[in-house]
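Chemist: If you want the building blocks of each chain, they are given just below.
Number of protein chains: 2
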Amino acid sequence: MSELVMRAEKLDAADELRGKRDGFVLDDVVYLDGNSLGALPAVVPGRVEDVVRRQWGELRIRSWEESGWWTAPERIGDRIAPLVGAAPGQIVVGDSTSVNVFKALVGAVRMAGEGRDEILVDATTFPTDGYIAESAARMTGRTLRPVAPADVPGALGGRTAAVLLNHVDYRTGRLHDLPALTAAVHEAGAYAVWDLCHSAGALPVGLDEHGVDLAVGCTYKYLNGGPGSPAYLYVRRELQDRFDSPLPGWNSHAEPFGMRGGYEPAPGALRGRVGTPDILSMLALEAALEVWDGVPVEAVRAKSLALTDFFLECVAAYVPEGRVECLTPVPHAERGSQIALRCDDAGDVMKRLVERGVVGDFRAPDVLRFGFTPLYVGFADVERAARVLAQTLG
Amino acid sequence: MSELVMRAEKLDAADELRGKRDGFVLDDVVYLDGNSLGALPAVVPGRVEDVVRRQWGELRIRSWEESGWWTAPERIGDRIAPLVGAAPGQIVVGDSTSVNVFKALVGAVRMAGEGRDEILVDATTFPTDGYIAESAARMTGRTLRPVAPADVPGALGGRTAAVLLNHVDYRTGRLHDLPALTAAVHEAGAYAVWDLCHSAGALPVGLDEHGVDLAVGCTYKYLNGGPGSPAYLYVRRELQDRFDSPLPGWNSHAEPFGMRGGYEPAPGALRGRVGTPDILSMLALEAALEVWDGVPVEAVRAKSLALTDFFLECVAAYVPEGRVECLTPVPHAERGSQIALRCDDAGDVMKRLVERGVVGDFRAPDVLRFGFTPLYVGFADVERAARVLAQTLG
Numbered sequence: 004m005s006e007l008v009m010r011a012e013k014l015d016a017a018d019e020l021r022g023k024r025d026g027f028v029l030d031d032v033v034y035l036d037g038n039s040l041g042a043l044p045a046v047v048p049g050r051v052e053d054v055v056r057r058q059w060g061e062l063r064i065r066s067w068e069e070s071g072w073w074t075a076p077e078r079i080g081d082r083i084a085p086l087v088g089a090a091p092g093q094i095v096v097g098d099s100t101s102v103n104v105f106k107a108l109v110g111a112v113r114m115a116g117e118g119r120d121e122i123l124v125d126a127t128t129f130p131t132d133g134y135i136a137e138s139a140a141r142m143t144g145r146t147l148r149p150v151a152p153a154d155v156p157g158a159l160g161g162r163t164a165a166v167l168l169n170h171v172d173y174r175t176g177r178l179h180d181l182p183a184l185t186a187a188v189h190e191a192g193a194y195a196v197w198d199l200c201h202s203a204g205a206l207p208v209g210l211d212e213h214g215v216d217l218a219v220g221c222t223y224k225y226l227n228g229g230p231g232s233p234a235y236l237y238v239r240r241e242l243q244d245r246f247d248s249p250l251p252g253w254n255s256h257a258e259p260f261g262m263r264g265g266y267e268p269a270p271g272a273l274r275g276r277v278g279t280p281d282i283l284s285m286l287a288l289e290a291a292l293e294v295w296d297g298v299p300v301e302a303v304r305a306k307s308l309a310l311t312d313f314f315l316e317c318v319a320a321y322v323p324e325g326r327v328e329c330l331t332p333v334p335h336a337e338r339g340s341q342i343a344l345r346c347d348d349a350g351d352v353m354k355r356l357v358e359r360g361v362v363g364d365f366r367a368p369d370v371l372r373f374g375f376t377p378l379y380v381g382f383a384d385v386e387r388a389a390r391v392l393a394q395t396l397g
Numbered sequence: 004m005s006e007l008v009m010r011a012e013k014l015d016a017a018d019e020l021r022g023k024r025d026g027f028v029l030d031d032v033v034y035l036d037g038n039s040l041g042a043l044p045a046v047v048p049g050r051v052e053d054v055v056r057r058q059w060g061e062l063r064i065r066s067w068e069e070s071g072w073w074t075a076p077e078r079i080g081d082r083i084a085p086l087v088g089a090a091p092g093q094i095v096v097g098d099s100t101s102v103n104v105f106k107a108l109v110g111a112v113r114m115a116g117e118g119r120d121e122i123l124v125d126a127t128t129f130p131t132d133g134y135i136a137e138s139a140a141r142m143t144g145r146t147l148r149p150v151a152p153a154d155v156p157g158a159l160g161g162r163t164a165a166v167l168l169n170h171v172d173y174r175t176g177r178l179h180d181l182p183a184l185t186a187a188v189h190e191a192g193a194y195a196v197w198d199l200c201h202s203a204g205a206l207p208v209g210l211d212e213h214g215v216d217l218a219v220g221c222t223y224k225y226l227n228g229g230p231g232s233p234a235y236l237y238v239r240r241e242l243q244d245r246f247d248s249p250l251p252g253w254n255s256h257a258e259p260f261g262m263r264g265g266y267e268p269a270p271g272a273l274r275g276r277v278g279t280p281d282i283l284s285m286l287a288l289e290a291a292l293e294v295w296d297g298v299p300v301e302a303v304r305a306k307s308l309a310l311t312d313f314f315l316e317c318v319a320a321y322v323p324e325g326r327v328e329c330l331t332p333v334p335h336a337e338r339g340s341q342i343a344l345r346c347d348d349a350g351d352v353m354k355r356l357v358e359r360g361v362v363g364d365f366r367a368p369d370v371l372r373f374g375f376t377p378l379y380v381g382f383a384d385v386e387r388a389a390r391v392l393a394q395t396l397g
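Chains as they are written, first to last, in the numbering used here: chain Y, 4 to 397; chain L, 4 to 397.
Hints listed in this document are in silico derivations from the structure and should not be mistaken for laboratory results. If a hint is listed, it holds; no wrong ones were tucked in.
For the chain L half of the interface with chain Y, some residues (derived, Cβ under 7 Å), not all of them:
id: 1; residue: T100
id: 2; residue: P249
id: 3; residue: G261
Note that the coordinates shown come from a computational prediction; the quantities given were computed from them, not determined experimentally. Glycine included, each C-beta is placed from N, C-alpha and C at the ideal position.
Here chain Y stands alone, though its shape is the one from the complex (with noise of 0.2 Å):
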């Protein structure tokens, strides 16, 4: 047996979060695509039959109040929460990603106000968040101007009303200086908008300690909501008063049921809905949220960081050097939950990977990207997939 495989072996005896892979339906593949979909919880089959027979089929109309339908985009924006650092009252679930990032930026443009004209984005960000911030500087007579997020900080300045950030880099895997470059938006007087479609779940994001403005996220990657399960917008809570949705549906009226032709609205998270809840796909979120019960997320973080370090050590020890180029930072700081690796015929070696039973994904056009969602990736799962990664690139 190799010396990789022992580690390997102790690694996963030493792992006090091994026991939650159980909260799982897996098989024997080696699934590094959580990043993309996360596996199914164990808990969700049985909760949206539930769902589903009873709630719907039985209680009909009535569960909108007794199966807690109405209230579930806020109650299950308070259970994501803790997972990134938000007291509750501050996130509400619903709508995808994009939609949010369109709610979150107009919102910060229209906080900056009138003298603010410019709008910075990540310029290596995953596209639809540029393409809605086209739309977002478009339609509040914005100038949209992309940026590296290292050069941030030297293109601030007082026309600055609001910058759109992510986390961690879909493509690269690099985990942003969230903190710092908050404290700098913050210094120029414009407003913070994360997006934590690719750290939620995999690390601390502290959202409420380090003072974001708005964030947004989704919620089938590491918090395993489903395939397309809704997104959420956090909106601070100082901020809530003057968040001015440009999506004012009439769930976040003050008073939804009182079908007034005037729009008020509500007070709080709640400004941040829009239209009827997505119950069927927001419940299996909800469910899916179990698993987290009892994980502290810096144990969460550990782990990502042991693995991704490991499997780091697995590829150079089998992978002839010069064979793939890590695009991802060494440094624990600058290092999300994934390891995205450089190679010409990336979508070639993806698609021998996925048959040989190591499912990460390509995203074009060379890159290979493998996450590492530590509930349920073990150590030996990752000496495996660099095992056979060695073996297709061969």
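Following the hints, put chain L in place on chain Y, whose structure we already have.
Modeler: Below, chain L without anything else, positioned relative to chain Y:
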């Protein structure tokens, strides 16, 4: 046995759609709230279980291709199309009705061009359309003017960019004249946006035939998609190249997996997509739509009118004159698939009705709403509902 009970029996015996009721999970309640939340189609629980356990749980990320997740919005759109009189390739499913109203109305205003600075909105609309229209007007620099649908022809002019109308009034059940109003809007050189929430699945809409420009609708009422199931957006084929979405998320990109920084809209209806589709809710809807196999909308309309006629007759026979006031027009050409009765104590009355097994809903401040879903409501239900209503009002 009373004459009306016997009539109900005969009508049920002659009902061609009667067998469709077996396609739903129903109990001994008279469910007249399908215009708020449709009953559970029997095929849905098994389908959802497969989506959760096999597609998500076993295939995981592979399902985006192998289970047809990625193409669900347009595939399900094409399934809704014949129900609203649309040829394929013009409808995508996703997001809430409110979000789709925003896309449609901003899209319409942009088609109309800079010279037209006014949006007309149905003054009697379900509130969310009005709130969202206000936002669309504000964000496109237009003025919003609420107008009763009957007054729209007189309000149209060279300033009119777009008109947002409801096909059926959510409160009164009044059916508006979609062909004539659309023609009037076109004559003024403006764009017609229709909200089909209370008509799709209950009566013929004829989107293509009447040249409607854009339309939106929910799927959880007469289409039985489940609580908060995704809404849809119709963009007439000839206008699709000019549809400029205010929510240009990555799903609407010509090459969504190209991960390009620059936005280039997809051709066709796909342009109406935004973010990652909400798969659980979406595929529940897809299953729910199977109950429509072999059901002509015309047959549904004929039965709907027979049901509401019979309900009015039973109410007239059982309820003391003057105790309730019917807000729904008597002429068939002006009636949707619901009956709205006004009485001062409507809130209390509906509570007691529900306790006695007749489920309608209450709309503030004084309306009892009864929705008639021809696929699962029968004439005996109607007679019983009127009888229990009379006892409750008694």
